[in-house]
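Residue numbers (the UniProt record's numbering), protein chains in the order written: chain P, 1 to 590; chain W, 1 to 157.
Treat the hints as calculated values from the structure; they're not laboratory data.
In the DSS-like style, the derived pairs of lysine-lysine whose C-alpha atoms are separated by at most 30 Å in a straight line are: (1) W:LYS10 <-> P:LYS131; (2) P:LYS404 <-> P:LYS385; (3) P:LYS220 <-> P:LYS76; (4) P:LYS470 <-> P:LYS295; (5) W:LYS13 <-> P:LYS131; (6) W:LYS95 <-> P:LYS113; (7) P:LYS220 <-> P:LYS205; (8) P:LYS385 <-> P:LYS297; (9) P:LYS316 <-> P:LYS470; (10) W:LYS13 <-> W:LYS42; (11) P:LYS205 <-> W:LYS95; (12) W:LYS36 <-> W:LYS76.
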Amino acid sequence: MDSEDDMHDANDVESVDDGFYSGETAMDSDDGDAADYDFIDNDSDDSDDPISHRSQQNYTILNEDDIHLRQEDNIKKISSILSISNNAAAILLRHYNWSVSKVNDEWFANEEKVRRIVGLLEEPRALPSGKELTCGICFDVYPCDSMSSAACGHPFCVTCWQGYISTAINDGPGCLMLRCPDPSCSAAIGQDMIIALASHDDREKYERYFLRSFVEDNRKTKWCPAPGCDYAVDFIVGGGTFDVNCRCSYSFCWNCTEEAHRPVDCDTVSKWIRKNSAESENMNWILANSKPCPKCKRPIEKNQGCMHITCTPPCKFEFCWLCLGAWSDHGERTGGFYACNRYDAAKKEGAYDDTEKRREMAKNSLERYTHFYERWATNQSSRQKALADLQQMQNIHLEKLSDKQCQPESQLKFITEAWLQIVECRRVLKWTYAYGYYLPAHEHAKRQLFEYLQGEAESGLERLHQCAEKELSGYLNIDGPSKDFNEFRMKLAGLTSVTRNYFENLVRALENGLSDVDAHGGTSRTGGSRGLGAGSSKSRGGSSSSRNKGTAPTARSRNIDDSGHWSCEYCTFANAKSATVCQMCQQLRS
Amino acid sequence: MQASRARLFKEYKEVQREKVADPDIQLVCDDSNIFKWTALIKGPSETPYEGGVFQLAFSVPEQYPLQPPQVRFLTKIFHPNVHFKTGEICLDILKNAWSPAWTLQSVCRAIIALMAHPEPDSPLNCDSGNLLRSGDVRGFQSMAKMYTRLAAMPKKG
Ligand SMILES: [Zn+2]
Ligand SMILES: [Zn+2]
Ligand SMILES: [Zn+2]
Ligand SMILES: [Zn+2]
Ligand SMILES: [Zn+2]
Ligand SMILES: [Zn+2]
Ligand SMILES: [Zn+2]
Chain P
1 MDSEDDMHDA NDVESVDDGF YSGETAMDSD DGDAADYDFI DNDSDDSDDP ISHRSQQNYT
61 ILNEDDIHLR QEDNIKKISS ILSISNNAAA ILLRHYNWSV SKVNDEWFAN EEKVRRIVGL
121 LEEPRALPSG KELTCGICFD VYPCDSMSSA ACGHPFCVTC WQGYISTAIN DGPGCLMLRC
181 PDPSCSAAIG QDMIIALASH DDREKYERYF LRSFVEDNRK TKWCPAPGCD YAVDFIVGGG
241 TFDVNCRCSY SFCWNCTEEA HRPVDCDTVS KWIRKNSAES ENMNWILANS KPCPKCKRPI
301 EKNQGCMHIT CTPPCKFEFC WLCLGAWSDH GERTGGFYAC NRYDAAKKEG AYDDTEKRRE
361 MAKNSLERYT HFYERWATNQ SSRQKALADL QQMQNIHLEK LSDKQCQPES QLKFITEAWL
421 QIVECRRVLK WTYAYGYYLP AHEHAKRQLF EYLQGEAESG LERLHQCAEK ELSGYLNIDG
481 PSKDFNEFRM KLAGLTSVTR NYFENLVRAL ENGLSDVDAH GGTSRTGGSR GLGAGSSKSR
541 GGSSSSRNKG TAPTARSRNI DDSGHWSCEY CTFANAKSAT VCQMCQQLRS
Chain W
1 MQASRARLFK EYKEVQREKV ADPDIQLVCD DSNIFKWTAL IKGPSETPYE GGVFQLAFSV
61 PEQYPLQPPQ VRFLTKIFHP NVHFKTGEIC LDILKNAWSP AWTLQSVCRA IIALMAHPEP
121 DSPLNCDSGN LLRSGDVRGF QSMAKMYTRL AAMPKKG
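Pulled out of the complex, with its shape left as it was, chain W reads as follows (with noise of 0.2 Å):
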């Protein structure tokens, strides 16, 4: 407890001196746990979910950074890999090739690299992963785009 308190107090500290950084990512502590914390992330170039901003949840367990955070997306979205009513993602360092010295930040990178690449052979979105496996490129393009502007993107005007 004290263990994982610490290290995310440096987590903390390292992200108050990189926001500059890494433009792409803001991670925010919750005021009040140090367990809880919300990540915005721009939605990768030259995918369909360029232009959008993701909100993300972590959820940190005690025995951090032994055991890694569960991490979900708060902002609806269309991917193979993510569940699309509860924002569950499948990723394999958020599960058995989860290493210590992963930080939030890094994890934040490895999701933004998954919304780049999805993998559809193992899908929590099964939609989504039947497109990209039949050859429907276009198909899951158009609707990964029509979700990203509609949850995705800040309403006009």
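This is chain P alone, in the form it adopts within the complex (with noise of 0.2 Å):
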């Protein structure tokens, strides 16, 4: 019962109600210290929607027709506040950086100052009298009709006026802020008379910077910085967080722009990309998208999301793409399902020609950022595999796997739900490397929360993303119905479920800073405390001496006793043999 198979049963995913991974089920476990170990405000809606069910939306996200009903609408308003014309209105705003409210404000306060600043004259000035007219930029003498002015009453003739409107729109978003040509006069001159004024094609480029306007200028707007995507987002400063998830399927961070980045902060987030960009070189090697087989040293390619890698045929030697440990080893015997995200475990294993590479061209530093970032780029690829895999899903695999198990499309939604889970998940956990890294390595306690969460996640998310890939192509490449389908959907959308659960902790976690780790106190882990702790998974089978019997929980958890480490009586944390003191909750080794 504890070999990994068992855990990939759907029955099995149910009863895996340790508190970190099943969230609202630990709450009705019998079990009697379960509920310590839940999380804070586990969401218990299993709602459809597995990417934004989150706190509620503090954003709007806005096509280019929204984008124009807001701007016509501000305009307006503004109009009929200050009964000033729709042209005068648009001035103020655009000055004002689209803020009503600013407008409102500067306008009551000093209505007079505004207007010189921006040039809207109180009252309008005719054209000179006079029969003819000579124009303020070709000299020319023309009869009064074919000239034409703005506010101020400076003449130019249409042929000028053209020329100087065109020159200012092709000049960039400046031709928003037009100003009489007479370098003497600061009038502004209005939308009217540009569209009046301009051809075709000018038109349509200031018609484009008026709108960019409105989201670039406008400091609630912004737009969405996917590449070739056209919605902006209006989003409510204040509460919440800064994640905005885009309609074209870009999640991004307001704050910062950068592609979202929960649970890490926007200026860990720019110091890893400094850091980055400063290491890229060295890094080039780490990216490549092949390694050699630890076996037989030809050169793999991985080509799957998931991180077990099988050589080609006559090798076949299974092994981890992170660490090149044989797969057969990231069991209980090195310490977990998968040791592998502990930089430690990583090094300790440094038996393996990469490692041993590694080694030699790097100094302690860079060998530790290499572990870092290497785990955080191979989660982005994974990620940007897994977007490539739910495309294909949707646009061919559905429909095939509809028609071999019979089954309408729209039961097939878990499998689109899974892979929205997977490559949100490798989003988070690309992250946590970023947040790894930034982790003071003197926070003993808080590294090993840290990891063993990680790892978890790491297992968890390996689980779900195996079920989704490799099992799921076994009901593709069938001739007829599969008996099991039931089970596979009901593993698959229970696997999709707790690995939400579980993730939304772990973002909720590291945002607070594991900042449980240090409330624990001497005493024993009862009442209050919010058992975060790394031993929540492990106590449910270790409170009791019943640790090793095989339930589920212990399959996966890290038996790290046989390598002479103790294990806490209170939290079950796993402590180094030298340790008189428990890590984890400061209880002293009985």
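Join the two chains into one complex using the hints; note that each chain is given alone, in its own frame.
Here's what the structure looks like:
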């Protein structure tokens, strides 16, 4: 029962109810201390949308029509409040970065000053009187009726106006703040005049700038940074996270416009990005998509998202892409299903060629960075792969699967949801490696908790990824409907929900700076302690002596005892042999 | 092209008429090319450029007056906003603040104003800009005066 395969059982998924992994089910468990190990505020709704079921949305996605409407709306609002023309309202709003309230405040504080600054004359002046007038640009003389002027009355001929406006439009967005050509005059030129005089192409350019200005000069809106995406985002700052999920499916951080990076903060992201570009040369070889098989040395390309690699025949050696260790070692003996997120562990396994090369190449600090960077980048490319897989799934496979398994496509939604969850998890996991890199080395308890949580996350996600990738393909490449397809559905849906809960909890824990670590104090972990403890899942089986009796969580947990560690009586945390006090809960070794 | 030529021709005629009106500026159109002009301007009084005569070269683009002319000093001048080697001038109206209502004549006037009121914060000549910014007005003036004497005054004898 303690083999990995057992865990792939759909029923087993339900029973994996250690607090961290399943949120609400832990509450129902009759295991006495289950509630202690539960995370704060577990969302217990299993809403249909696996990604956006976080706190309420504090932003709106706008398409071009929405932007137009809002812009028009603001202009009309100002025009009616200040009793001025739409043109004048647009000039004012543009000048005050489309803030209706700012225009309001400034205007009513000192209308005269505002008029002077933006170039709005109170009393429009007509053209100078006389039958003929001299154009101020070409110096030719024209009859009065073929001249025009802005509100200031400075006369220019139509040809010169057209040239002036066209030059300004082709010079860039500055054309939105065009003034009268007379150097001594600052009268603003309204949109109506520009639209009337510009050529068709220039008018389109101008209108584009006008629309863009509403997004780009407005502090409340930004374009979605995804290449080729035309959506804008209107964001209400205050409360909630900065994460924005665009309708194009890209998610980004409102604050720094980098790709969404919860649980790490914007500063860490920019530090990390700077670090990466500084180290990029060293990293190039690591990014390579192929590595030598640790057994036969032939180059193996990683073409699937999951880290479990099988070498091509005849070798067929199964190994882990991250640490190049044998896959069969990735069980309990290495201290957990997925020990390779642990830097120290990876170092200990240093017998592999690749690791040795890395050692020669790098000094200690670089080696540490390499560890985190490689995992960061690997999750990134796994995420890209998962995105592509998701698309292929939606475009091709779902239909095929529907035919093969005689299931209506509407009932295959659980597959799309699983893939969406994988994509999101890869993103979170990726950033946990930047988090780990900057987690101070001296904070041992936090480090250990972090590594534990991350390891669990890796293994949980791998299970989901395996199931959605490899197991699913079995049902695709089959001739008739499979009897156990419903079991597969239950299993994948269960894994998706369990993994979603786990990752949401993980994100919260990391965002709180793993703060519960220090709060454990010396007493036992009851009462208010929120059981972020590394022991949480282990303790499911581990609070009694039944630890190794083969419950599912135990099979997954790290049985570190073999390697000389002692496990804490209270929290079951595995401590180093030399420690006399538990590093997690500070209890004395008994 | 035709528009710019017509406009330049108007300026040419105006210059002929006003020659006496502004004794500090002497604008001359190239004999064979109406898009090339030179100007002689007098250094403004009560500045280190007083007594000097400075030559400017104009190169007028085909989009003139919608686009500004290119102007540079042919005479060496020690001034924070003029490149000491190339004579290039940093002046907003020759760049983004250009208006098609400006003329070559008014550009000359703006350059004279710039000679009297340097902008040490956007220097093309760093030595000169630094002298002014560090408050060494006397140092700046003696350098500027020296170059005026060397380059902008008719040789005696
Ligand atoms: Zn005209
Ligand atoms: Zn005007
Ligand atoms: Zn987008
Ligand atoms: Zn950010
Ligand atoms: Zn092999
Ligand atoms: Zn591994
Ligand atoms: Zn403990």
